[in-house]
Amino acid sequence: MTTKKAAAKKKTTKRKGSRSATSTKRSTGRRAQNKAAIRKRIVAAALSLFQTKGFEATTTKAIARKAKIAEGTVFNYFRTKEDIALHFLEEEVDQAIASVRDNPSLKKAPLEEKLFTLVHSQLEYLAPYERFIGAAFIHALKPASPLGIFSHRAQELRHRYIGFVQELMDEALPKNRSPFTFLAPDVFWIYYLGALLYWLHDSTPGKQNTLAFLDRSLSIGISVLKQGKL
Amino acid sequence: MPSEKTEKNSSARRALRMASMSADIAGSYLGYLVQRAFLNETQSKTKLKSTHTRAARRMRDEMQALRGPAMKIGQTLSLQTGTLPDEVLEELTALQMEAPGMHPSLVRAQVKRSLGAEPEEIFKDFAPEPFAAASLGQVHRALTRQGERVAVKIQYPAIRQAIENDFSLFRTISKPAQASGHIPKAAIDEMEQQTLAETDYHREADNIEFLEKSLAPLAFVKVPRVYREYSSDVVLTMSLMSGQHLDKFLAHRPSQKLRNKLGSNLFELFYYQVLKLESFHADPHPGNYLFDNDGSISLVDFGCVKSLSPESVAYLRSVFLYPGSRESADFRRLLEKHYRLAGQSLPLETRRALIGFADNFYRMVYPPEENKQEQLFDFGDATFLQKFLRESRNLFRTKGVLTDLIYMGRTEMGLYQMLHRLKAQLPTSQLLRKYL
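Line by line, the protein sequences give chains H and E. Sequential numbering of the first sequence, starting at 100, is according to the numbering used here. Sequential numbering of the second sequence, starting at 139, is according to the numbering used here.
Chain H extracted, bound-state conformation (with noise of 0.2 Å):
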C-alpha cells in the first residue's frame, strides 16, 4: 500500500515538471523532501482532528498545535483548511488512479473490474476518516465552498478523475458507440458520489453490502454501455 502511495505521489510530481523535486540539485532535492513530509504532517494532523473534532471546528491554530509547527508555517504550505482537505481529495484520487493504472494484474480485466478498484481503493483510502468525509460531502454542496463543485480546483480535480475514467472507457468500449456515451464519464463521476453516500450510510459490518452494491450495479452499467443504450 505504502508502495502504491509512493509511486502515486511520483507520478503526481512528475506531472508538474519543472516544479519536479528529482530533477534538480541533491540538496534542493532534500528540502524538496523536507517540505513533504512537513506537509504531509500537517495534512495528518488536519485529518485527526477533522475525524474527532468535525471540520467546522478545527482551527489552523489547533492543527498546527497538533502537527508541532508554527501557525505561520501551516500557512506556507495551505491557506486554508479547506486547501488541506481538498489536498487530501486530490491524493485520495491521485493514488486510486494509481491502483488500476500501476496494477500489472488489471491490464487485462474487464472494465467493469477496473472501475471497481477504482472506486474501491477510493473508499478504502477514506475509511479511516468516514466521519469527517460524511461532513465534507454536506459542506461541498454549498455552492460558495471551495471544496464545492463549483470551485475551480474541485473541478480540476474532477477532471482529472472523469478523464482517467475516459481512458479507460475508450480501451474497452466498442468505438461505434452511441451519441450519448461521451457523458459516461460524467455520469459516473454522479455514480461515483452516490457510491460514496450509499458507504457513508452502509451500517453492514465491514460495509459488505457496498461491495455487492458496487459489483452488481457496475456491472449492469457496464454492460448497458456495451450495448450503446447510453
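These aren't lab readings, by the way, just hints derived from the structure by calculation. Treat the hints with caution; some may be incorrect.
Reference listing, derived: stretches of chain H covered by chain E, where coverage requires no fewer than 3 residues with Cβ under 8 Å from a Cβ of chain E [as the list claims (entries may be wrong)]:
id: 1; segment: 205-215
id: 2; segment: 230-238
Listed below are the simulated DSS-like cross-link pairs for lysine-lysine, each with C-alpha atoms no more than 27 Å apart in a straight line [what the hints assert, rightly or not]:
id: 3; chain 1: E; residue 1: Lys399; chain 2: E; residue 2: Lys444
id: 4; chain 1: H; residue 1: Lys152; chain 2: H; residue 2: Lys167
id: 5; chain 1: E; residue 1: Lys250; chain 2: H; residue 2: Lys206
id: 6; chain 1: H; residue 1: Lys207; chain 2: H; residue 2: Lys274
id: 7; chain 1: E; residue 1: Lys399; chain 2: E; residue 2: Lys572
id: 8; chain 1: H; residue 1: Lys206; chain 2: E; residue 2: Lys262
id: 9; chain 1: H; residue 1: Lys167; chain 2: H; residue 2: Lys206
id: 10; chain 1: H; residue 1: Lys207; chain 2: E; residue 2: Lys262
id: 11; chain 1: H; residue 1: Lys167; chain 2: H; residue 2: Lys180
id: 12; chain 1: E; residue 1: Lys250; chain 2: H; residue 2: Lys207
id: 13; chain 1: H; residue 1: Lys180; chain 2: H; residue 2: Lys241
id: 14; chain 1: H; residue 1: Lys180; chain 2: H; residue 2: Lys207
Remember, predicted model here, so these are calculated numbers, not experimental data. Note that the Cβ used here is the ideal one computed from N, Cα and C, for glycine as well.
Given the coordinates of chain H, assemble chain E onto it according to the supplied hints.
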C-alpha cells in the same frame, strides 16, 4: 446471448425480474386452472405436463439470470422431491453447481474485509481465478506458508440480506404453487432457515470437524481439515481434496466392480450417518462428493448437516427390513408410536401412504426375507427411482410428514440418484443390516 456479466443484477433489477417471473408463472398456473374447467380428464393431464415444463423452464432461465441466492432456492427446490412435479424437478436439477462469479478484485476486497489482509499476503500462493463454484460463492486454490495445498471458499458479499430479500419475494411469487399444494409453506420456511444457516461458514467449519471425527471409522471416507486461522464467517479454508465429480468419474468408464465398490461405500456412508451418528451430511447434490479410483469418497461442502432425534432413529431401525406384513396391526402401531413420540397424530391418509411406501418401494429395494439377504439390487434400472418419486409424492401430498424425515428423504433421494448413475448392484439388505 447476453454475456455472464450482463446477467448479474442489482437488487432492484432482481426484484423486477422476480416479479416478472412471478407474473409469468402465476399466469401459466392460473391459465391451467381456468382451462381445466373446459377440458376432459385425459386432456387435462397432458396440458398439466406442458404447463409445468413451460413454468419450469421459465423459472430456470430467470434464476440463471439472477444468479446468487435464487440459485440456491432453485437447487434446494430441485432436491425437494415429492413437493414438485417431475417435469419441474428435471428442469431445476440443471441448476446444480452454478453460482455467481466474483472477479479477482472483489475476491481480494472480500477476503481483506473479512480476514484483515489480502489473500496474497495470507497465502504463499493464491489462484486469482476460482476452480469451483459454490452456490453462495466460489472456491480458490491456494498454498499456505507451510506449503499445504488448500481450498479457500469465499462467499459473495452481503449474500445473507440478498437471501432474505429473495425469500420474501419467493414467498409472494410461489403463492399459486403454495395454494395448489406443490410447494408447502413449511418447506419454504425450512428452506429459508437452512439456506441462511449455510451462509455462516463458522458453522460449516464446525460441521466439518464433527464429521471428520465421527466418520473416522469409515476408512474410505475423506473429510477435509479446517484451517481456522484462515477462516471466518464468509471465508472457509480447508485442505484440498482429491478425486473427481461423478460426471467426470463416469466419463472414464469405470468397471462394474469399481462402481459397485463406490456405490456400496456411498450406501454405507449414508446408513452409518443415519443409524450410528444420528446426524448426516444432508446436502445430497452430486457436486458435494468426489470419487477416487481406489473407491474412496471425499466430502466437500458441509453447509447442511442435520441431526435426527433418537426416537426417529429407533423408528427407522424398527421399520427397515420389517419382516412381517406391512398391512399388519403391529406395523401400524410402529408408525403410530413414532408420531406419538413426535407429539403429532398420524392422519389416516399419511398412514396409508407410509404403508404404501414401505410395501411398494422399500420391500422391493430392501427385501427383508432371510433367503434374499445376499440378493443384489440393480440401481441401474430407473423404475425404482420413479417408484421412489411417486411414493414420496403420495406421501407429501398427505401433508403429514415429520420434518426431520423430510431431510432424510431428500438425502436418500440424492443417494439413489448417484447409485442410479453409477448403475451399482448392491446387496442392499445385507449392507443395511450391518448398521441396524
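(request) Please name the hints from earlier in the document that this structure breaks, with their numbers sorted from lowest to highest. (result) Violated: hints 2, 9 and 14.
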